[in-house]
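Peer 1: Read off the chains here:
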Amino acid sequence: MKKHAAVISSKEMIQENICSMTLQTDEPLEARPGQFLHLLPPGEGRFILRRPISICEIEETECRIVFRLEGDGTKAVAKQNSGDKLDVLGPLGQGFPDIQSGTVLLIGGGVGVPPLLAAAEQLHKNGVRIQARIGFADQNQVMLVEEMEKWAETIVYTEDGSAGRKGRVTDELETDNGFDTYFACGPKPMLKAVEAKAPASGYVSLEERMGCGFGACYACVMEKEDGTLVKACLDGPVFQSREVLL
Amino acid sequence: MNRSSVKLPGMDMKNPILPASGCFSFGREFASLYDLNQLGAVTVKAATPEAKRGNALPRAAETTAGMLNAIGLQNPGVEKVISEELPPLQQYDVPILANTAGSSPEDYVYTARRLSRSGLVSALELNISCPNVKDGGIQFGSDPESAAALTKAVKEVSSVPVYVKLSPNTSDITGMAQAVESAGADGLSMINTLIGMKIDVRTGRPILANTTGGLSGPAVKPVAVRMVYEVSQHVSIPIIGMGGVSTLEDVLEFLYAGASAVAVGTANFTNPWICPELITALDTWLEEKEETVSSIKGRSWKPCMSAL
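Heads up: the sequence lines are chains A and B, in that order. For the first sequence, the positions run 1 to 246 when the UniProt record's numbering is used. For the second sequence, the positions run 1 to 308 when the UniProt record's numbering is used.
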């Protein structure tokens, strides 16, 4: 973990409330897909807690993040422009495993999709066959479809049917036997449904409210099935399916 | 001459900067980031007699220039703190202030006896002010008589000096301070968090699972400075001042208000390197101004000696 004064090299609003940003760091981040950056929103002391944002694409000293404008903090980050600096801590957490063979299904919901893009690129390099089911509330939330299609056989879902298939990423998942393992990232109800329906075991990446991001504050403590406690920021955010109680 | 060093009961400190309890875990996460030998002291997370699993999530929320937390004193229990958490800290030449909490006087006496006799801690910090657990000690933190009785009971069994961490959630902070001083406290830590809450306007419900939490961060600093200023003029035991410290100016404010040492809390989460950064900044400042920590302590209320 290091603190970086990252320079924003590009920024684009890819949907009304979804921001895509490319950050330049002075040294390679050496991040794994599934790890996250902890961003301090600029605000002259107004903001105290960093915002965990997963890495969407990474190459050497350049990385891309894609995030939804949820509150004042993410809005303040999105207001920054090319050339502005961002106080970044990272990379943090445990990422997805480095699968080398077979077929991996990527299951993403909303802003759970960006870290799966980083995973897809890595899996493609490893020669793994990739399928993706990515879902959004409606056409105004759809993102990263073309990028995902570069690496994976991709099915897009929207809950209202305004883009792609009408339905959810977990529809008929229980009868999908075309994959060996899965990487899932999205809201908790989606992850619960994935764990319940998927015929194979896999990995889930949690979106938890965090404090420090490196294990010191105990704000993101979760319970494992055996009763032991883990920290989403340090032991996760990627866990084996059914490893932690959702 | 070392301009920064401070001698407090049980703690010979290289400088007056130490992390605050609950914001430094048991040091492990920070030990991988910088050499803990730089610190004036280390305050570890509260230990209770038995393990505590803490509160349900969410446990933290941000407010303007502040943070609400309701962790709920999660810790592995005093025996594991002694056997697993404190030994790795012995490699550093830094005093260890061990925070203890409980729900009854017996709890405090038990953990105080175990910790103080473990040979692993320099002093105890009685957490009589945790606002986040039922019976988390705050009942002792708002009533001078029970605070004094508890302090006396712990002093009787402790083999190391005892600091009492005061709650700002009281109408008479000076009365509390004087009560524990006369009961034998060796020092004071102040302040703990202020009770606050935040409501999610989308759902209309409190954000924290615990409903309320402790407010910390720059938002509480003026309250803390005022309390240190007031109390330091009415007690003769040293005060570890804390509440929203994140800059050199904040450190100076607490020292001027009358604190003998200054603890850094929430800022460790924003910037994990904040303590060594403040230590360097303070050293430089003292050098430039040709001052010492002890000479500037209480400057806000002490008569101006140089005019004599």
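Incorrect hints may have been included.
For each label pair, taking beta carbons as the anchor points, the in silico distance ranges come out as [as the list claims (entries may be wrong)]:
| no. | chain 1 | residue 1 | chain 2 | residue 2 | range |
| --- | --- | --- | --- | --- | --- |
| 1 | A | GLU59 | B | TRP301 | 28 to 34 angstroms |
| 2 | B | THR203 | A | ASP138 | 37 to 43 angstroms |
| 3 | A | ALA5 | B | ASP200 | 31 to 37 angstroms |
| 4 | B | HIS234 | A | ALA5 | 52 to 58 angstroms |
| 5 | B | GLN178 | A | ARG242 | 53 to 59 angstroms |
| 6 | B | GLN91 | A | LYS224 | 29 to 35 angstroms |
| 7 | A | GLU59 | B | SER300 | 52 to 58 angstroms |
Residues from chain A that face chain B, not an exhaustive set, calculated with beta carbons under 8 angstroms [claimed, not checked]:
| no. | residue |
| --- | --- |
| 8 | VAL7 |
| 9 | ARG32 |
| 10 | LEU40 |
| 11 | PHE47 |
| 12 | LYS197 |
| 13 | PRO199 |
| 14 | GLY215 |
| 15 | CYS217 |
| 16 | VAL221 |
| 17 | LYS224 |
Hints listed in this document are in silico derivations from the structure and should not be mistaken for laboratory results. Virtual Cβ for every residue (Gly too), placed ideally from N, Cα, C.
Peer 1: Give a verdict on every hint.
Peer 2: So, going through the hints one by one against the coordinates:
1. The hint said 28 to 34 angstroms for the Cβ distance between A:GLU59 and B:TRP301, and at roughly 58 angstroms that hint is violated.
2. Checking the proposed 37 to 43 angstroms range against B:THR203 and A:ASP138 shows it is violated: the Cβ atoms sit about 21 angstroms from each other.
3. Under the hint 31 to 37 angstroms, the C-beta atoms of A:ALA5 and B:ASP200, about 33 angstroms apart, fit the expected range.
4. Here the CB-CB span from B:HIS234 to A:ALA5 is close to 45 angstroms, at odds with the stated 52 to 58 angstroms.
5. In this structure the supplied range 53 to 59 angstroms holds for B:GLN178 paired with A:ARG242, their Cβ-Cβ distance being about 56 angstroms.
6. In this structure, B:GLN91 and A:LYS224 meet the distance hint of 29 to 35 angstroms, their C-beta atoms being roughly 30 angstroms apart.
7. In this structure, A:GLU59 and B:SER300 meet the distance hint of 52 to 58 angstroms, their C-beta atoms being roughly 54 angstroms apart.
8. Checking A:VAL7 against chain B: minimum C-beta separation of about 19 angstroms lies over 8 angstroms; hint violated.
9. Given hint, A:ARG32 at the interface with chain B, is violated; its Cβ is 18 angstroms from that chain's nearest Cβ, farther than 8 angstroms.
10. Using the Cβ-Cβ criterion of 8 angstroms, the hint placing A:LEU40 at the interface with chain B is satisfied: the shortest such distance is roughly 7 angstroms.
11. With its C-beta approaching chain B no nearer than about 7 angstroms, A:PHE47 sits inside the 8 angstroms limit, and its interface hint holds.
12. For A:LYS197, the suggested interface contact is broken, since its CB lies about 25 angstroms from the closest CB of chain B, more than 8 angstroms.
13. Annotation: A:PRO199 was flagged as interfacial toward chain B, and the flag is violated, the nearest CB pair being 30 angstroms apart, outside 8 angstroms.
14. With a least beta-carbon distance of about 5 angstroms to chain B, the hint placing A:GLY215 at the interface is held under the 8 angstroms criterion.
15. The beta carbon of A:CYS217 comes within 5 angstroms of a beta carbon in chain B, closer than 8 angstroms, and the hint placing it at the interface holds.
16. Nearest Cβ of chain B to the Cβ of A:VAL221: about 6 angstroms, under the 8 angstroms cut. The hint holds.
17. Annotation: A:LYS224 was flagged as interfacial toward chain B, and the flag is violated, the nearest CB pair being 12 angstroms apart, outside 8 angstroms.
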